[in-house]
Amino acid sequence: MTTARAHRRKATAAAIAAVLAIAGAAGCSSKAKDKDDGKAGAGGVKTGVGVTDKTIKLGALTDMTGVYATLGKSVTQAQQLYVKQTNAAGGICGRKLELTVRDHGYDPQKAVAGYTELEPEVLGFAQFIGSPFVASVKQRIDADKPLVLPQAWSASLLGSPYVRVLGSTYDIETINAIDFLMKEKGVKKGDKIGHVYFEGDYGENALSGSKYMAEQNDLTVVEQKIKPTDNDMTAQVAALKKAGVKAIVISAGPRQAASLVGVAAAGGMKVPIIGNNSAYAPQLLATQAAPALEAMYFVSTPSLPIGDDAEGPSKLAGDYAAAYPKDALDNGVVAGWTAATTMGEALKRACESKDLTREGVDKALLTIKDWDAGFGVHNFTDPNAPSSLESVIIKPDKAAKGGSSVVREAEVSEAAQGFKRS
Amino acid sequence: MSDVLTKPAPEVPPVAPKRKLPGPRLYVWIAGCVLLIVLPFYLERFWLQAGLFAMAAAIGAIGLNLLTGATGQLSMGHAFFLAVGAYGYCAFAGNGDDGLTGLGLPTGIAMILGVGLAGIAGGVFSPIAGRLRGAYLGIATLALIFIGQHVLFNAHDLTGGFNGRDVPSLNLFGLHFDDSELLVAGVPFGASEKLWYLGLVLLAAGGLFARGVLRGRPGRAMNAIRDHQIAAGVMGVPVARYRASVFVLSSMYAGLAGVLLAMVFQRTVPEYFGMVLSLEYLAMIVIGGLGSVSGAVVGAVFVSLLPQILTRYSDSLPLVSDAGTGGVSPGEAAKYLYGAALVAVVLFLPGGLVRLAARRSKATPGEPSGSEGNDR
Amino acid sequence: MTTFIELLLNGVSMGSVYALIALGFVVIFKATEVVNFAHASLLLAGGYVTAVLHEDIGFWPALIVGIAGAALVGAAIEFLVMRRYRGKDHSVLAIATIGVDILLVTDLTRRIGTDVLAVGDPWGDSLLEIGPVTIAHTRIAAFLAAGLLITAFLLAFRYTSWGVAMRAAAENAETAALMGIRLGRVSLGAWAVAGGLAAVAALFLTVFPTPGLERATSLAALKAFPAAILGGLDSTTGALVGGLIVGVTESLATGYQSDLTFLGRGLGELAPYLVMVAILLVRPAGLFGTKELARV
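Residue numbers (the numbering used here), protein chains in the order written: chain A, 1 to 422; chain B, 1 to 376; chain C, 1 to 296.
Treat the hints loosely; a few may be bogus.
Facing chain C, a subset of chain B residues (Cβ under 8 Å, in silico) [claimed, not checked]:
1. ILE128
2. GLY134
3. ILE139
4. ALA140
5. GLU181
6. LEU279
7. ALA340
Label pairs and their computed distance ranges (CB to CB) [stated by the list, open to error]:
8. C:ARG83 to A:LEU158: 52 to 62 Å
9. C:LEU260 to A:THR229: 15 to 25 Å
10. B:GLY104 to A:ASP144: 25 to 35 Å
11. C:ALA152 to A:THR229: 39 to 49 Å
12. C:GLY124 to B:ASP97: 48 to 58 Å
13. C:LEU128 to A:LYS369: 51 to 61 Å
14. B:PRO188 to A:THR381: 44 to 54 Å
15. C:LEU80 to A:LYS185: 52 to 62 Å
These aren't lab readings, by the way, just hints derived from the structure by calculation. Computed from a predicted model, the values in this text were never measured in an experiment. Glycine included, C-beta positions come from ideal geometry on N, C-alpha and C.
Take these sequences, add in the hints, and give me the full structure.
In structure tokens:
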């Protein structure tokens, strides 16, 4: 190495270092401890992190480029719609809502980085996709106390007063689904049922529901574990056929459900198939599995479908279609909207009790009981339970808006009421 | 990290005459070190964490560069060894409170054992690695990723399954590397601030050691194997032994990176240790520069900071739109940029980014870097 | 027994699709000694063109355009990237194909977005029943198409001047060049052929029983890696056999997973790699790969 080269390199390094130092210093003028908890702001309301006299900042950690892109897109757009409408109506507590969205693409590193970035700036998170990532920052959520509404329905998320699951969890949903199969689809005690499920939180939580039902009702569960990359369910159907199952539960993605139903139908395996809410998307009605889906597929979901005639769904469907004419109306829209309105309701109640700090919002949420967001009734008084034990059973329906219509109205099965998590 | 930038590139033969002016060089060295040391007093946690991800990536990339860059052994299984290190540390240090296997060893020892375990894993695989060459080796190591993922998801008692397991925080000589606040000069030090220094120490130590290896006799032997395995053998280099040792060493670097990452994450999740991570490490060493420590570090910083910066400043960047508005999202923009950077570096900048500065100042060709070596 | 036969037939048919992908992979390796990690994007590109066009111009024309499109993408990669590389290290070039793959897959998935695109194939979900065994028409079509293409390819490889040039280039590039073979054309042709084969594979990966083309379809290319390697990277026969082994292994491991629970569930994806490692332990150059002779 020559001196000239060395100098140049040193100079470059020094320049980079200087820029970094300046950026660092400018980015954070003082890190010295200064918690602004409990300042009284406009209107005599106590405020904390993420709240000024004019705005309330909320965060959304979503996945718009990874495996849950379909869900993430609908949820995020629904929440942005809520923020827009709320602000147009004057905001909450005299303050405008601001939603900062970070797309982590289902990458743990980006998800954790997104939380670290937004946490010091926002009051709470209206969305957090990916239960493994929620789990990975759970310790910090318990210390920082922002309200987090994850877009996942896994029972492993229960138990924290700051992470609140909206609607029934996958295990409850599956119990209600099997209850439906037994009451209305002719599955009897002693029958075998198949359960095709994803490796991971979602599938395994759902499986615990079907195992519980099996114990209660003397059923046998034939398990088939799959991965999100499996798209062809031929081998699974062959195995389930061999086992002689009378019905199939699927806790996977929409593609796997379409393949499963398509293969079963084509092979003359006429058994009812029911999926969890994440196992259906209206986009499937454009594929050739559509007739089979309409004929023998059902979905258990925590909320009314977007195509329902009730007031909440029809208004949301209209507004959403007007705001995003090119995008599909699916149940992710409902999920996003429900989370946003829940957050909004908690903020309103926190405002009434003049405490818009994180603690204030957490406390306000605990007072919400028998509250109807337009898609189902929620109850947030117990952090150890999901906000609802209800499931609506829907079926794919080309004619309906949003591609699904209700088969059985919201109902809590007896089994779901008696279900105790170990 | 900029202090590492200032190190001379290790591909310079140690015998080359060096006339240096100690003044400016020393000055920059000190400035760089001071800067890195004071950063935690100013940067917010987001940037510290980003820096820590980059440091861990740099350690892992140095290991991969020893193997792939300097010795010419293509490995796509690096993520597996990171996982071994991360989960190994958890298992050695965990006390079993969460119902998962834990030996409850002191965390400092667990850290060393985690690194050692990764090395052993590398050693176990090296008989297979020793038989294979080039593309065969690359794709055979890909099998490690799939095996790793399968075990991480299924060996529930050890790994916690899909939701991963908590990482016990490091405790060295009474200093807790966790979120318990430590006030230093009025600035509260949480986990990121404390780990920052640990990361710096580990990176510096790892970098210096690797530089020593590369510049010494082993380094020349490794390059000889890369450039011409048979000729190297003929000249008396114990090829098989070297290849196996480099595989083990590289796995240990990956294990160390895994341990550090686990501490930064505070929880390990299996999703992270997939194929994409392995590909990212390959991208790092190619973008930065094959076969050198500084190359690995520069590449690691580039690849791991790029998406973070783009996401953070997505609002103010042209062409990149905020998530949810329908344009090119920051995540996609980062992928475009890093894919393009990878191709561009291979085509137009053989030797990687570290050669950029070197090239401009002097037109003499350097030692053959990996890109000019012959695989045969 | 019925289940076994069904699983076996399915495995063979999926295996023949994997063989198509692996064949493209091997062709590129033979012509240029580069491991092409961008194969996933070729697959996705071909499938995407077919899926987008089929409603307007009908399925068969769309398929032909799709094949041509993927061949063009392959050729473009060769022309714009591979040819510009001045170094000699083929593993560096292999890493560059990772960059190409990231670029193309990012772009294509952005276009596909959250949709599931149907390809509009004529087979639908009809099944063939032979006694108690049922198999989808698409699977039979896949097997026949793959068989036909592979045979045609092997014949071309043996008897056409392109095939001879290609084998000569694979044997010894320098000598071939001295004999007047244009290496550029050989490698351009190899990339185009690989693209076309990948497009056909993409078709059969997106028809019934899978719902359609979507962002994850490209991951199927990962199955072709073990297929190409265990058969031997420089052997076309190896690609065929490797593809079949991977397909059958995967199908059986999935179908009998309830009997193999001690290995953990969800074995289907892992099994091909385990078989690959086992074979490589015995034969480091794959089943049919030529053992590299050292030239000093």
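Here is how each hint holds up against the structure:
1. ILE128: 6 Å, holds
2. GLY134: 6 Å, holds
3. ILE139: Hint holds; ILE139 of chain B Cβ to chain C Cβ min 5 Å, cut 8 Å.
4. ALA140: 6 Å, holds
5. GLU181: 41 Å, violated
6. LEU279: 5 Å, holds
7. ALA340: With a closest approach of 6 Å, the ALA340 of chain B hint holds.
8. C:ARG83 to A:LEU158: 52 to 62 Å: With Cβ atoms ~58 Å apart, the hint holds.
9. C:LEU260 to A:THR229: 15 to 25 Å: 19 Å, holds
10. B:GLY104 to A:ASP144: 25 to 35 Å: 28 Å, holds
11. C:ALA152 to A:THR229: 39 to 49 Å: Because 31 Å falls outside the window, the suggested range is violated.
12. C:GLY124 to B:ASP97: 48 to 58 Å: 56 Å, holds
13. C:LEU128 to A:LYS369: 51 to 61 Å: At roughly 58 Å between Cβ atoms, LYS369 of chain A and LEU128 of chain C fall inside 51 to 61 Å, so the hint holds.
14. B:PRO188 to A:THR381: 44 to 54 Å: Once the Cβ atoms are compared, 35 Å apart, the range 44 to 54 Å for THR381 of chain A and PRO188 of chain B is violated.
15. C:LEU80 to A:LYS185: 52 to 62 Å: This hint holds: roughly 57 Å between Cβ atoms.
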